[in-house]
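Residue numbers (the numbering used here), protein chains in the order written: chain C, 1 to 351; chain P, 1 to 285.
Hints are computed from structural coordinates only; laboratory data are not their basis.
We put the beta carbon where it would ideally sit given N, CA and C, even for glycine.
A few of these clues could be false.
Computed list of chain C residues with no C-beta within reach of chain P, every gap over 10 Å [said to hold, decoys possible]:
1. G14
2. R59
3. Q116
4. Q122
5. K167
6. G286
Label-pair restraints from in silico Cβ distances [stated by the list, open to error]:
7. P:L77 with C:R74: 38 to 48 Å
8. P:E98 with C:V243: 51 to 61 Å
9. C:D63 with P:L201: 48 to 58 Å
10. P:R97 with C:K28: 31 to 41 Å
11. P:R97 with C:G29: 37 to 47 Å
12. P:R192 with C:G260: 55 to 65 Å
13. P:L201 with C:K277: 52 to 62 Å
To give a feel for the contact side, a few chain P residues facing chain C, derived at Cβ under 8 Å [unchecked claim]:
14. D178
15. V181
16. A184
17. T187
18. L188
19. G189
20. P202
21. Q203
22. M206
23. S210
24. L234
25. A238
26. Y242
In case you want the letters, here they are:
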Amino acid sequence: MGFLTLDGLTKRYGEAAAVSDVTLSVAKGEFISLLGPSGCGKTTTLQMIAGLVEPSAGRITLDGRDITHEKPDRRGLGIVFQSYALFPHMTVAQNVSFGLEMRKVARPERETRVKQALALVQLAALADRYPRQLSGGQRQRVAVARALVIDPPVLLLDEPLSNLDAKLREEMQFELRGIQQRVGATTIMVTHDQSEALSMSDRVVVMEQGRIMQVDAPYRLYESPATPFISSFVGKMNRLHGVWRNSGFESAGRVLPCDGADLTEGAAAVLAIRPEKITLTSPGAGVLDGRVTARFFLGSAWFFTIETDAGLIGVSLPNAGEEPAREGDPVGLDWSKSSAKAAKPEGAQPA
Amino acid sequence: MSSARAGTTPWLLAAPGALLFTALVVVPLVLTLVLSFHVYDTASGVKDETTLSHYAIILSDSYFLNIFWRTLRLAALTTLICAMIGAPEAYILSRMREPWRSIFLLAIIGPLLVSVVVRAFGWSMLLGPTGLVNEAFRALGLGTVKILYTETAIVIALVHVMLPFMVIPVWTSLQKLDPMVEAAAWTLGASRLTALGRVVLPQVTMGLLSGSLVVFGLSASAFAIPALLGGRRLKMAATLVYDEYMHELNWPLGAAIAILVLVINLVIMLAYQRVVEARARRTLG
Numbered sequence: 001m002g003f004l005t006l007d008g009l010t011k012r013y014g015e016a017a018a019v020s021d022v023t024l025s026v027a028k029g030e031f032i033s034l035l036g037p038s039g040c041g042k043t044t045t046l047q048m049i050a051g052l053v054e055p056s057a058g059r060i061t062l063d064g065r066d067i068t069h070e071k072p073d074r075r076g077l078g079i080v081f082q083s084y085a086l087f088p089h090m091t092v093a094q095n096v097s098f099g100l101e102m103r104k105v106a107r108p109e110r111e112t113r114v115k116q117a118l119a120l121v122q123l124a125a126l127a128d129r130y131p132r133q134l135s136g137g138q139r140q141r142v143a144v145a146r147a148l149v150i151d152p153p154v155l156l157l158d159e160p161l162s163n164l165d166a167k168l169r170e171e172m173q174f175e176l177r178g179i180q181q182r183v184g185a186t187t188i189m190v191t192h193d194q195s196e197a198l199s200m201s202d203r204v205v206v207m208e209q210g211r212i213m214q215v216d217a218p219y220r221l222y223e224s225p226a227t228p229f230i231s232s233f234v235g236k237m238n239r240l241h242g243v244w245r246n247s248g249f250e251s252a253g254r255v256l257p258c259d260g261a262d263l264t265e266g267a268a269a270v271l272a273i274r275p276e277k278i279t280l281t282s283p284g285a286g287v288l289d290g291r292v293t294a295r296f297f298l299g300s301a302w303f304f305t306i307e308t309d310a311g312l313i314g315v316s317l318p319n320a321g322e323e324p325a326r327e328g329d330p331v332g333l334d335w336s337k338s339s340a341k342a343a344k345p346e347g348a349q350p351a
Numbered sequence: 001m002s003s004a005r006a007g008t009t010p011w012l013l014a015a016p017g018a019l020l021f022t023a024l025v026v027v028p029l030v031l032t033l034v035l036s037f038h039v040y041d042t043a044s045g046v047k048d049e050t051t052l053s054h055y056a057i058i059l060s061d062s063y064f065l066n067i068f069w070r071t072l073r074l075a076a077l078t079t080l081i082c083a084m085i086g087a088p089e090a091y092i093l094s095r096m097r098e099p100w101r102s103i104f105l106l107a108i109i110g111p112l113l114v115s116v117v118v119r120a121f122g123w124s125m126l127l128g129p130t131g132l133v134n135e136a137f138r139a140l141g142l143g144t145v146k147i148l149y150t151e152t153a154i155v156i157a158l159v160h161v162m163l164p165f166m167v168i169p170v171w172t173s174l175q176k177l178d179p180m181v182e183a184a185a186w187t188l189g190a191s192r193l194t195a196l197g198r199v200v201l202p203q204v205t206m207g208l209l210s211g212s213l214v215v216f217g218l219s220a221s222a223f224a225i226p227a228l229l230g231g232r233r234l235k236m237a238a239t240l241v242y243d244e245y246m247h248e249l250n251w252p253l254g255a256a257i258a259i260l261v262l263v264i265n266l267v268i269m270l271a272y273q274r275v276v277e278a279r280a281r282r283t284l285g
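Turn these sequences into a full structure, and let the hints guide you.
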């Protein structure tokens with residue numbers, strides 16, 4: 001039995017189900033991400049946990065207590081909203097202090113705890129500012145401090161980093177994770193950004209069309225995605241179409257190395273391989289030949305699109321400090337058998 | 001050439017509005033001000049000599065001071081009641097879903113399309129000794145209550161007429177509010193009522209302020225409602241000015257009253273705006 005459990009949680013709006021049958025058990029101190037494209041029901045799930053949306057069916061328990069129909073002000077959860085939802089007419093300190101006031105904490109203790117919370121997010125110096133005088137990153141920290149100061153059993157983060165610019169977002173990812181580990185708060189974060197989910201969470205819950213598709217540790221999710229949708233949503237994935245023949249994947253007359261499972265002889269198959277699992281060789285030396293059609297420099301890596309007989313393939317190479325193949329160059333592609341997986345095409349009926 | 005044009009263009013663009021304003025507001029106001037200093041003689045009418053005696057008479061006569069006091073009191077009371085009804089009304093309106101929101105918004109604004117005189121007569125029919133309200137009181141065994149031609153009748157009708165001017169600015173400032181801010185207050189442990197008082201209300205101060213200013217200004221200078229529902233004895237500033245002009249024919253005295261009402265109104269509204277706006281600006285920016 002987890003610390004926070006969702007059991008068959010469902011939300012219907014008329015005929016349409018925004019969330020259907022979500023069952024999840026979260027351990028104490030765990031950092032869970034709900035990952036999915038917009039409209040997949042992840043935010044609705046979070047709002048049901050927060051008590052802002054009434055579930056149509058199912059149960060939510062917190063530490064053994066049924067909170068399915070409890071009012072949001074009785075749940076005591078800490079929430080960081082996407083818009084931060086700071087109180088614009090209160091100073092930073094007053095914002096953070098609000099939750100403690102509602103809990104009737106005496107003034108001296110309140111002041112100490114507000115100071116501690118602001119120190120935790122490195123905003124002690126800005127306690128007397130108003131939200132409009134702060135930058136986006138600072139506002140986000142105020143929202144985190146306001147949610148954490150009440151010592152919530154569970155911290156809910158609704159796309160907490162989506163309003164920040166790219167560089168700040170990366171910094172805040174590590175900082176937020178650091179704060180969470182320091183205070184040991186059980187955390188559920190909603191995000192549509194797969195890199196955020198992978199870098200911050202203990203486990204990632206992938207949702208699509210209101211349903212949970214896979215729950216796994218970030219590394220396992222990346223390496224063995226349960227569905228083609230997840231494989232392309234989490235990271236990049238090359239997909240080559242071919243036929244399963246003689247226990248091997250055949251495309252454009254070539255047999256390509258891969259692991260295959262559950263495939264019938266002579267049936268259509270799809271080979272999936274991540275761009276960074278492929279290396280470039282001289283033509284003829286790899287398993288497949290091709291020609292570079294486009295090349296992008298990403299700083300830490302190069303990304304190539306290569307035209308082959310089996311189709312367009314994306315390849316990602318770490319930047320080794322030298323200039324690699326240019327557009328138009330003929331190259332060979334190589335990969336190990338275990339890094340590619342063959343499966344039935346999407347939408348095919350199970351045999 | 002072009003720099004000279006750049007200098008004159010704003011003036012040219014502002015000219016039509018400025019002219020209209022001058023012709024319709026400034027000129028009549030200045031004429032009224034000048035008139036208020038003229039000597040009036042019951043036999044020969046307005047004379048060319050100037051005097052301050054009209055102001056002296058008004059400020060020393062308890063009859064006039066009472067009417068001024070009543071005007072301010074009723075206007076303030078109307079503003080207070082409008083704020084107390086209008087702000088919750090605007091909040092409920094902002095929480096409604098379509099199409100109900102549009103329907104109720106129309107119901108709130110709709111009365112503005114009906115003449116104030118017609119609505120005042122409507123109230124006098126309802127509130128009179130044999131009106132619907134008193135019939136209901138009698139049916140309940142409460143006896144007849146004198147409402148028509150009292151201050152109560154004036155305030156009831158003023159509130160009815162002024163309510164849209166309070167609801168609309170408050171509603172507008174509610175529209176600008178992030179609904180999640182209220183939700184944030186709930187999740188931090190605030191009850192619905194506390195969240196409204198501590199989080200929503202402070203953020204609609206500007207709307208309440210502008211609504212109050214409009215309601216107070218219009219109520220303090222209202223004419224039709226006090227004239228029709230206050231009767232001959234219960235006068236307010238505007239009906240007093242009317243009487244001086246049309247019944248006493250003492251135009252300079254009427255002008256002096258009008259100028260005084262304008263000045264008092266202006267002072268009160270500016271002071272009020274200063275206080276509230278300074279507070280709201282400091283926190284809301």
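Now the hints, each set against the structure:
1. G14: holds (13 Å)
2. R59: holds (20 Å)
3. Q116: holds (17 Å)
4. Q122: holds (22 Å)
5. K167: holds (26 Å)
6. G286: holds (53 Å)
7. P:L77 with C:R74: 38 to 48 Å: holds (40 Å)
8. P:E98 with C:V243: 51 to 61 Å: holds (55 Å)
9. C:D63 with P:L201: 48 to 58 Å: violated (35 Å)
10. P:R97 with C:K28: 31 to 41 Å: holds (40 Å)
11. P:R97 with C:G29: 37 to 47 Å: The hinted range 37 to 47 Å holds for R97 of chain P and G29 of chain C, with Cβ atoms some 41 Å apart.
12. P:R192 with C:G260: 55 to 65 Å: holds (59 Å)
13. P:L201 with C:K277: 52 to 62 Å: holds (59 Å)
14. D178: holds (5 Å)
15. V181: Given a least distance of 5 Å, the restraint on V181 of chain P holds.
16. A184: Cβ of A184 of chain P sits 4 Å from chain C, so the hint holds.
17. T187: OK, holds: T187 of chain P within 8 Å of chain C, min 5 Å.
18. L188: With a closest approach of 4 Å, the L188 of chain P hint holds.
19. G189: This interface hint holds because 3 Å falls under the 8 Å limit.
20. P202: holds (4 Å)
21. Q203: holds (6 Å)
22. M206: Hint violated; M206 of chain P Cβ to chain C Cβ min 11 Å, cut 8 Å.
23. S210: violated (17 Å)
24. L234: Cβ of L234 of chain P sits 41 Å from chain C, so the hint is violated.
25. A238: Not OK, violated: A238 of chain P not within 8 Å of chain C, min 38 Å.
26. Y242: Given a least distance of 44 Å, the restraint on Y242 of chain P is violated.
Hint compliance for this structure: hints 9, 22, 23, 24, 25 and 26 are not met, and every other hint is.
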